[in-house]
Structure formats: structure tokens, C-alpha cells
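Read off the chains here:
2 protein chains.
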Amino acid sequence: MRNILIELIYDGSGFHGWQKQNNARSVQEEVENALSRITGETVSVTGSSRTDAGVHALSYILNFYTNSEIPAEKFAPALSAQLNPQEIVAVRSEEVDGEFSARFSNDGKRYVYKIHNSRQRNPFLEKYSWYVPYVLDIEEMKKASKFFEGTHDFKGFMAVGGSQQTTVRTIRCCEVYQEGDEIFIEVEADAFLYNMVRIITGTLVYVGCGKISASDMSDIIQSGERERAGMTAPPQGLYLKKVILK
Amino acid sequence: MRNILIELIYDGSGFHGWQKQNNARSVQEEVENALSRITGETVSVTGSSRTDAGVHALSYILNFYTNSEIPAEKFAPALSAQLNPQEIVAVRSEEVDGEFSARFSNDGKRYVYKIHNSRQRNPFLEKYSWYVPYVLDIEEMKKASKFFEGTHDFKGFMAVGGSQQTTVRTIRCCEVYQEGDEIFIEVEADAFLYNMVRIITGTLVYVGCGKISASDMSDIIQSGERERAGMTAPPQGLYLKKVILK
Numbered sequence: 002m003r004n005i006l007i008e009l010i011y012d013g014s015g016f017h018g019w020q021k022q023n024n025a026r027s028v029q030e031e032v033e034n035a036l037s038r039i040t041g042e043t044v045s046v047t048g049s050s051r052t053d054a055g056v057h058a059l060s061y062i063l064n065f066y067t068n069s070e071i072p073a074e075k076f077a078p079a080l081s082a083q084l085n086p087q088e089i090v091a092v093r094s095e096e097v098d099g100e101f102s103a104r105f106s107n108d109g110k111r112y113v114y115k116i117h118n119s120r121q122r123n124p125f126l127e128k129y130s131w132y133v134p135y136v137l138d139i140e141e142m143k144k145a146s147k148f149f150e151g152t153h154d155f156k157g158f159m160a161v162g163g164s165q166q167t168t169v170r171t172i173r174c175c176e177v178y179q180e181g182d183e184i185f186i187e188v189e190a191d192a193f194l195y196n197m198v199r200i201i202t203g204t205l206v207y208v209g210c211g212k213i214s215a216s217d218m219s220d221i222i223q224s225g226e227r228e229r230a231g232m233t234a235p236p237q238g239l240y241l242k243k244v245i246l247k
Numbered sequence: 002m003r004n005i006l007i008e009l010i011y012d013g014s015g016f017h018g019w020q021k022q023n024n025a026r027s028v029q030e031e032v033e034n035a036l037s038r039i040t041g042e043t044v045s046v047t048g049s050s051r052t053d054a055g056v057h058a059l060s061y062i063l064n065f066y067t068n069s070e071i072p073a074e075k076f077a078p079a080l081s082a083q084l085n086p087q088e089i090v091a092v093r094s095e096e097v098d099g100e101f102s103a104r105f106s107n108d109g110k111r112y113v114y115k116i117h118n119s120r121q122r123n124p125f126l127e128k129y130s131w132y133v134p135y136v137l138d139i140e141e142m143k144k145a146s147k148f149f150e151g152t153h154d155f156k157g158f159m160a161v162g163g164s165q166q167t168t169v170r171t172i173r174c175c176e177v178y179q180e181g182d183e184i185f186i187e188v189e190a191d192a193f194l195y196n197m198v199r200i201i202t203g204t205l206v207y208v209g210c211g212k213i214s215a216s217d218m219s220d221i222i223q224s225g226e227r228e229r230a231g232m233t234a235p236p237q238g239l240y241l242k243k244v245i246l247k
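Residue numbers (my numbering), protein chains in the order written: chain A, 2 to 247; chain B, 2 to 247.
The set of hints was computed from the structure by calculation and includes no laboratory data. Careful, some of the hints might be misleading.
Stated by the list, open to error - Computed list of lysine-lysine pairs in DSS-like fashion (alpha-carbon distance at most 25 Å, straight line): (1) 242/B to 143/B; (2) 242/B to 144/B; (3) 243/B to 128/A; (4) 243/B to 75/B; (5) 242/A to 128/B; (6) 128/A to 242/B; (7) 243/A to 128/B; (8) 128/A to 128/B; (9) 156/A to 243/A; (10) 115/B to 128/A.
Make the full structure from the sequences, and use the hints.
Take a look at the structure:
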């Protein structure tokens with residue numbers, strides 16, 4: 002069988018996340034149904050990450066096996082034609098090695114979190130960012146973000162429900178930057194714990210508000226205590242930006 | 002009675018336009034219902050323009066009369082609290098002269114039209130721009146846009162159904178500019194005919210594709226023939242950007 006990789010962009014607003022589930026719309030199910038119609042087979046896809054309800058993807062990678070003889074590069078336009086472009090667009094497809102798995106054959110991921118920091122809400126940003134009305138000290142947030150970089154036990158930056166064997170992860174970079182009234186937090190790591198970027202974001206916003214001091218960050222991370230970190234930022238500001246393929 | 006002005010931002014995606022109508026959601030109805038709850042009166046509002054289904058507003062002005070003693074500046078936050086911030090946000094309210102009418106007391110309006118010009122669709126832009134996959138010649142579009150400026154009879158740039166006495170309008174500026182893969186067409190005029198900005202946009206896109214030559218623009222405008230202009234661009238790329246108050 003051929004192994005096909007597809008890259009997607011999706012707006013997660015209308016989905017209960019990537020993963021297929023009963024009685025709720027998922028990106029996976031939309032894509033599997035469309036690929037099944039295209040190939041005439043029952044297609045199961047493997048995704049690079051299990052994004053939560055409301056989380057978006059600027060670049061999502063999946064793969065699936067098929068006996069179809071459709072040229073590999075035609076799967077992306079064929080898939081896009083079957084989907085609502087307001088929700089999911091397939092931007093690229095190619096044939097890959099039989100061993101390739103979108104879940105395992107990656108060397109890390111990069112997420113970006115968008116905060117709308119303004120005195121006024123903006124309807125165009127509500128589904129695509131976290132609205133934070135308080136004045137945030139960006140310089141303190143930048144200082145604090147650097148403590149996340151490196152290899153640490155991120156036990157305190159994980160929601161309950163994760164089932165991983167170790168909570169040690171390596172954050173390659175954690176950057177805070179501002180464009181107009183939007184603040185971005187961009188994090189690249191070898192792998193992520195459940196809700197990790199959203200808890201890092203919530204913690205950095207607490208730093209920006211003065212609720213947590215940047216100089217305490219090292220202690221907070223080392224403590225491994227969830228309650229010392231900040232709140233979990235809401236899902237609609239989070240975007241999977243890049244899957245770093247091996 | 003007091004006369005209160007309110008400025009709104011709204012995402013028109015979920016509405017059948019500004020104007021109240023039977024069996025369809027309108028911005029006007031949402032706002033009137035909310036203001037009626039706030040004041041305990043039956044509120045009728047006057048809007049600055051009758052935006053079509055799917056058209057957005059970055060700054061919309063309305064006014065209404067009330068006996069309520071709520072301080073004028075409190076109406077905006079009170080109204081926002083009653084509305085879904087993903088759709089409508091009230092950004093400002095103030096008491097104005099009894100004679101003021103959002104419909105008549107303005108000296109023109111500015112619209113901006115957003116085109117997404119790329120080989121790839123983007124789900125985040127689908128409801129907020131017109132997707133044009135063809136390569137567009139921006140320099141030709143800029144040249145052509147200048148012919149719209151000034152006082153002309155814009156009979157050829159109007160959808161049937163307008164009920165105005167004259168089709169002469171003065172366009173103060175018509176600018177085409179690009180930011181990444183987005184092209185903006187910004188038009189300010191003393192007043193607009195029905196679908197005028199959308200037909201100007203469709204015509205400029207035809208110029209960008211080479212279907213219409215910039216050097217024919219003067220003739221096309223003077224002819225007054227709708228069929229010589231371009232298509233009517235779809236509503237979701239259009240934004241009311243500013244109402245110029247007298």
C-alpha cells in the first residue's frame with residue numbers, strides 16, 4: 002500500500018478537536034470521510050497531534066495508507082474540494098516512505114498562542130485569540146519566558162489526564178513578541194504535555210499582570226506544583242504552527 | 002428625550018445585513034432588542050448605512066432616542082455585555098445633539114475591501130475576504146483606481162434596486178495596496194450607490210487579470226453601462242471602515 006502525507010490548515014472553532022469521537026464533530030472524521038469518498042476505501046488517518054476543541058492548526062500533518070492510484074500530489078486539491086474551505090484546507094500531499102508516521106516520525110512541534118491585549122474587544126479576534134484587557138508588562142513576560150527554555154521536568158505545566166511515562170521535555174525556544182495590540186507566545190519543543198502551551202501562556206500572562214514575578218519562574222518550574230503556575234489559557238488562541246519532520 | 006450615539010464593530014458573517022427583516026437575523030434587531038432590555042423602553046435605532054448580508058463593519062454609527070437616565074458613556078459597555086462579543090462589540094457611546102441622525106448627519110463614508118490573493122485558500126480568511134487565485138497586476142489596478150476619483154455619474158457601478166434620485170457621486174480617494182498576500186481596495190466617497198464598492202472591486206480585479214485595460218476605465222465609467230464594468234465582488238470581503246461625521 003502507498004503511504005500518503007497530507008498537510009492541512011484548519012480553523013478549529015467549529016470542531017471538538019482533532020480526534021474522532023461519538024456525537025461531536027472532529028477534524029479527523031471530516032478528513033477520513035472525505036478521503037474515503039475520494040478513494041472508495043475506508044480510510045483511517047494518523048495525525049501529528051491531538052489538538053483540543055477550539056484549537057487551530059496553521060500546519061497539521063497526517064498520513065494514511067491507500068491502494069488508490071491517484072497521483073500523490075492530487076490528494077490535497079481533491080480533499081480540499083470535498084471540505085468546507087472556511088474550516089479545512091489541504092495545502093500539500095506527497096507519497097512518503099512506508100514507515101513514516103505523522104504521530105511518531107517527527108522531531109518536535111512548534112505552537113503559537115495569540116493574545117488580544119486591548120481595552121476593547123474585537124469580534125474578528127474573539128474566536129482566534131484570548132482577550133486580555135489588563136495592561137501587560139511585555140518585558141517581564143519576555144524575561145520569564147526564557148526560564149522555560151531547556152530540558153526541565155514540566156510536571157507543574159500539565160493538565161491532569163496526561164498518560165505519559167515522563168514529564169521531562171525540552172523546550173527549544175519560548176519567545177514572546179508583540180504586533181500592535183496582539184501578543185504572541187511561540188514555543189517549540191521535542192514534545193508537549195497535555196495543555197502545556199496553554200498553561201505556559203496563562204503563567205506568562207500572570208507574570209505580565211504582576212501576579213507572578215519573573216524571578217520566581219525557576220522555582221515555580223522546579224517545584225512541579227500545578228497550583229504555582231498560572232491559569233490554563235483558553236483554547237481559541239492556540240495554533241499548531243509547525244510539525245518538524247525527521 | 003436624549004439622543005445617544007453608539008459606535009459598533011461587527012462581524013457580518015452570521016447576519017442578513019444591518020436592516021431588520023422578517024425571519025432573518027439582522028444587526029439592527031440584535032442591537033434594538035439589547036437596548037430595549039437595557040432601557041426598559043421599545044428602542045428604534047437609526048443606522049449610518051444598510052450593509053448587506055455578510056458585510057462587516059470596523060466602525061458603524063447608530064443613534065437612538067431614550068428617556069433613560071443611564072450616563073451616555075455607559076451605554077456602550079452595557080450593550081456589549083448583552084451581545085455575543087464574537088459578533089458585535091459596542092466601542093463608544095455619547096450623548097449628541099437632538100438633531101443628529103446617523104443616517105443623515107454624515108459627510109461621507111469609507112469602505113475597505115479585502116482580497117486574498119494566493120495560490121492557496123486559507124480557512125481563516127474565507128469569511129473575511131474574497132479569495133482570488135489568479136495572479137493580479139497590482140500596478141495596473143492602482144492605475145485604474147485613479148479613474149474612479151472625482152465626481153462622476155456612477156450609473157454603471159450600481160446594482161439594480163437602488164432608489165436614488167441621482168447616480169452622481171464624488172469619490173474622494175480610491176486606493177489599492179498590498180500587504181503580504183492580501184490586497185486592499187479602500188474607497189471614500191460622499192455617498193455610495195447600491196453595491197458600488199463591490200462593483201468597483203470586481204472591475205479592479207478584472208483589470209488585475211487583464212480582462213479590462215486600465216486605459217479603458219475612463220470610457221467604461223462614462224458609458225454608464227453596467228455590463229462594461231466587472232463582476233460584483235462577494236460581500237464577505239467588504240468592511241465599512243469609517244463614517245465621517247459632520
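Hints versus structure:
1. 242/B to 143/B: Roughly 20 Å between the alpha carbons, so the hint for residue 242/B and residue 143/B holds.
2. 242/B to 144/B: Distance ~23 Å between residue 242/B and residue 144/B Cα, so the pair holds.
3. 243/B to 128/A: Between residue 243/B and residue 128/A the Cα gap is close to 24 Å, so the pair holds against 25 Å.
4. 243/B to 75/B: 22 Å, holds
5. 242/A to 128/B: 21 Å, holds
6. 128/A to 242/B: Between residue 128/A and residue 242/B the Cα gap is close to 21 Å, so the pair holds against 25 Å.
7. 243/A to 128/B: Holds, at about 24 Å.
8. 128/A to 128/B: 13 Å, holds
9. 156/A to 243/A: 24 Å, holds
10. 115/B to 128/A: This hinted pair holds, its Cα atoms lying about 20 Å apart.
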